[in-house]
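**Student:** Sequence:
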Amino acid sequence: MSFVVTILFMSEVFFEKVFVTRPWKAFFVNTDDDIHEWWFRWKIDRYSVMYGMSFGVVMVLAQRYIIFDDNNHSNLFSRGVALSSTLAAIIGIGCYITFTFFCLNELECSEIHSYIVFIPIVSYIFLRNISGVLRTRYSSLFAWFGEISLELFISQYHIWLAADTHGVLVLVPGYPVLNVIITSFIFVCASHEVHRITKDLLPFAVPNDWKLVLRNFILFLAILVPIGINDGMF
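The sequence shown runs 1 to 234 under my numbering.
In case anyone wonders, no lab produced these hints; they're calculated from the structure. Glycine included, every Cβ here is placed at the ideal spot set by N, Cα and C. No incorrect hints appear here.
The calculated EDC-like cross-link candidates involving lysine to aspartate or glutamate, where the alpha carbons are at most 16 Å apart (straight line), are: (1) K199 x E147; (2) K43 x E106; (3) K43 x E16.
Quick list of simulated restraints, FRET-style, between CB atoms: (4) V5 x Y175: 41 to 47 Å; (5) W144 x P176: 24 to 30 Å; (6) W144 x L107: 36 to 42 Å.
Given these sequences and hints, build the entire structure.
**Tutor:** Given below as structure tokens:
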């Protein structure tokens with residue numbers, strides 16, 4: 001996977017040839033039939049999936065071989081390892097904050113960001129979970145937002161932002177604070193409803209029986225392919 005990502009990154013021309021190929025071209029171009037916005041977004045976070053997968057594998061292996069046990073209220077590691085990990089995490093966050101303040105060229109910052117974005121995330125995870133006292137306490141408000149985090153991420157491009165992310169949705173011209181309050185309220189409510197509807201529809205869209213899944217997939221293609229043909233996707 002890393003090899004494929006690197007190949008795509010090395011040649012923007014090759015990247016465009018891959019993603020402007022029909023029928024999936026419509027998923028990646030903006031209203032002006034331009035793919036540069038997708039290229040920019042993809043380039044910034046191109047290694048994020050691999051970072052997440054690697055962390056997940058390490059987490060599962062660590063639990064399987066009992067490198068640490070997070071099912072109790074004690075610290076994850078011994079005192080010495082916990083202090084060393086905490087210090088390393090603080091240094092990691094401090095270095096990233098320093099980088100964000102002193103990196104003045106947006107293009108250079110974006111290039112470096114894709115390689116070091118895991119540092120503040122892993123550092124925060126360590127700081128949050130090493131101590132049993134901190135790990136067993138949480139905010140109900142933030143936990144609620146965490147349940148709809150995927151919907152919040154996706155909906156921001158359709159509710160908060162406008163003009164292919166180059167503008168902000170304005171419902172109350174001349175009153176920016178009031179506008180932010182109203183659009184944010186709509187944004188959160190819509191994300192919550194999308195999350196709830198997704199949970200209700202999931203058992204029907206992706207049932208446990210593979211035969212029903214295959215049936216749904218065929219129906220899905222039977223509905224979407226004619227629509228795609230009508231819209232010129234093929």
